[in-house]
Amino acid sequence: MEENKRLVKVPTMAEMAANGEEPEVLFWVGCAGAFDDRYKRVTRAFVQILEHVGVKYAVLGTEESCTGDPAKRAGNEFLFQMQALTNIEVLNAYNVKKIVTACPHCFNTIKNEYPDLGGNYEVIHHSTFLQQLINEGKVKVQGGEAFKGKRITFHDSCYLGRANDIYEAPREVLAALDADLVEMKRSRANGLCCGAGGAQMFKEPEPGKKDINIERTEEALATLGAGNGVIATACPFCMVMMNDGVKNKEQEESVKVFDIAELIAQAEGLSK
Amino acid sequence: MIGIENIIFLIVAAVGIGLFVWQIRKIRKNVLMGRDTDLADNPSERINKTLLVAFGQQKMFKRMLPAVLHLFVYVGFIVINIEVLEILIDGIFGTHRVLGFVGPLYSGLMAINEILAALVIIACVMFLWRRNVTKVPRLATGVEMRAWPKMDANVILITEIVLMLALFVFNIADLKRVQLAGEEVVGAYPISQFFVDAFGNDPDQLYVIAKVGWWFHILGILAFMNYLPSSKHFHIIMAFPNVYYSKLLPKGKFTTNPAITHEIKAMLDPSYQPPAPEVDAEGNPVVQRFGAKDVEDLTWKQLMDAYTCTECGRCTSVCPANLTGKLLSPRKIIMDTRDRMEEKGEHPAIFAPNHYKEMGVERVQTTEQKELLRGYITPEELWACTTCNACVESCPVNIDQLSTIMDLRRFLVLEESAAPASLNAMFTNIENNGAPWAFPASDRFNWAEDLYVPNKN
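As given, the protein sequences belong to chains A and B, one line each in that order.
The first sequence: position 75 = 75 (my numbering), numbered continuously.
Position in the second sequence (from 1) plus 272 gives the number in my numbering.
Worth flagging that the hints you see were computed from the coordinates, not collected in a lab.
Think of the CB as a built atom: it goes at the ideal place given N, C-alpha and C, for glycine as much as any other residue.
Among the clues, some could well be false.
[What the hints assert, rightly or not] Here are the in silico distance ranges between beta carbons for each label pair:
{"#": "1", "chain 1": "A", "residue 1": "Gly54", "chain 2": "B", "residue 2": "Asp722", "range": "18 to 24 Å"}
{"#": "2", "chain 1": "A", "residue 1": "Asp116", "chain 2": "B", "residue 2": "Val559", "range": "33 to 39 Å"}
{"#": "3", "chain 1": "A", "residue 1": "Ala189", "chain 2": "B", "residue 2": "Ala390", "range": "46 to 52 Å"}
{"#": "4", "chain 1": "B", "residue 1": "Phe349", "chain 2": "A", "residue 2": "Ala189", "range": "24 to 30 Å"}
{"#": "5", "chain 1": "A", "residue 1": "Asp116", "chain 2": "B", "residue 2": "Glu640", "range": "35 to 41 Å"}
{"#": "6", "chain 1": "B", "residue 1": "Leu437", "chain 2": "A", "residue 2": "Pro115", "range": "43 to 49 Å"}
{"#": "7", "chain 1": "B", "residue 1": "Asn278", "chain 2": "A", "residue 2": "Lys185", "range": "56 to 62 Å"}
{"#": "8", "chain 1": "B", "residue 1": "Val559", "chain 2": "A", "residue 2": "Glu252", "range": "32 to 38 Å"}
{"#": "9", "chain 1": "A", "residue 1": "Asp178", "chain 2": "B", "residue 2": "Met539", "range": "33 to 39 Å"}
{"#": "10", "chain 1": "B", "residue 1": "Arg297", "chain 2": "A", "residue 2": "Lys209", "range": "43 to 49 Å"}
Could you build all of it, start to finish, from the sequences and the hints given here?
And the structure:
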């Protein structure tokens, strides 16, 4: 089987424009998707899915820059708008109409905050995108039995859930797997933050009794119960926080943290 | 018909209502200290939201027991007020149960009133129990739950019980007196009828007791009404406008400052013409602070939030920062805003700043500055926020705690450059590399190397 695979050449907007082409959708990778070693696997899994179903997509490559979300949540409106206006200039120059991203922070910022600054696009989160692919039968998740009986709990991202009322799409994606989906007590609108939002990702927490990600990981572990299980996330920051939490609790042998795109790519036989 | 008693009543009612209007005007003035914001859009969506969240108590039902108990008090308040209207008419014109002419409908109303009054008493007793005996954590703990908020809550509950008891005293004595006189009983009294003998058989004495009960109830209501503006109980009025003017946009959308947009556009493009700055009445340009340092930097809606807060603590009880022992309590942010507003602007009838600050300051190290930022709310609290919107989601009256936290943070960063060092490093990374981490922008596309997909068979 080793030879039955092909090297992916990820198309960029610049190349497409040079060929006079436009993609169906721009995949906004995000900083974590481009630089975080663990989270790069999510970016790659999502691209594998895009390639597998034959969606005409492109990325900005090195032309992409931070949306400005962490700056804005930290109170630096000036830096946020600098980033936003520069990005909007790039996006508008390429006549981008539709954007998909795996990062809820990028998703929220481009969808909700760019329009005021002249950036109007159809923005969808990869959970909704994957849900659509599954519903349309383009992703069949034939390898879903591999997950049979496996306990999966989904951790809601604040910027996907409360911020944008997307609770069901990631759950429906997970439901396509033949797994045992269990809910934490605090879920959906009552979900507990992983602790990284609002630029907390980039600073030490304030003095307190406990770290937020530990509180959340304890809840997830209690929900999964003994034995193997998966904490499913749909946000790069949540993934880092939950991974750290699982390591802190020394459960990394039995409990894995995966993005929903990774689980779908695994079930589809695209990656291990 | 109209005697000296009616005239006294008229004067008392006029004074009570006048005093209330005077207090409302002060509060209106305080709220209008805030910056202007246009929230007149989408009236139909706003009305729907008000019907669901304010009238329908939708968000209360996330927690069943308090929701049901609160519903008793809420419905009791609304329905019993129809009888209060009658009391006002009777008081002014010397009539007796003037609405009695509607017959069976009146009987039904009086019967419902009595049952509701009994439920209100039960609910209030249980609320007192929750606060003072079982000490539900969100009601009993937190640095902001100082002397006044705790006393205020108990005053409200006890007053409500006493008011309902006065209504029963009036109904019981009046019913017995009418029965003794052989008159036709107007209305139905499913609870009072079991207690008709409680006050003896002397018609004169019954007349006096009924009068005392009646006067106590109406004076109690007038006094309570004037207590509202000093109390968290003011939510019974403010909940409605506050929900009406609440945010209709996705919770993740934070405000954008157009003044900054013009500045950046002018930087990027020297030919860009920013619009003329706003001018005040004397034609001087209005210098607007970036972010908020004090109450006048917040919008009137954010100030209205502070007058709507019931101090229920649902926000704080779901705040991830608070749950893990950080100083931040969204309820404190809102209560501080109100206290500061009243310190700086007008204040209602009962106002004792000592009662707000004297107890339980614990680890929150405020300064003597007469400003919201640092004088009441410390940077440590603000930096603990994860902007997760759990507080906003939990609030039964649609207060936006997060918007106030964000505006205070913006002041720290934009006007004082007082962000924690690690965040300043993050800003520098974004400026230099276009990413919050220190990776070269040229490496941004490296993730795509050596990526394979299986061939389709």
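We went through each hint and held it up to the structure:
| no. | hint | result |
| --- | --- | --- |
| 1 | Gly54(A) - Asp722(B): 18 to 24 Å | 21 Å, holds |
| 2 | Asp116(A) - Val559(B): 33 to 39 Å | 23 Å, violated |
| 3 | Ala189(A) - Ala390(B): 46 to 52 Å | 35 Å, violated |
| 4 | Phe349(B) - Ala189(A): 24 to 30 Å | 28 Å, holds |
| 5 | Asp116(A) - Glu640(B): 35 to 41 Å | 39 Å, holds |
| 6 | Leu437(B) - Pro115(A): 43 to 49 Å | 57 Å, violated |
| 7 | Asn278(B) - Lys185(A): 56 to 62 Å | 59 Å, holds |
| 8 | Val559(B) - Glu252(A): 32 to 38 Å | 54 Å, violated |
| 9 | Asp178(A) - Met539(B): 33 to 39 Å | 55 Å, violated |
| 10 | Arg297(B) - Lys209(A): 43 to 49 Å | 45 Å, holds |
Of the hints listed earlier, those the structure fails to meet are numbers 2, 3, 6, 8, 9, in rising order.
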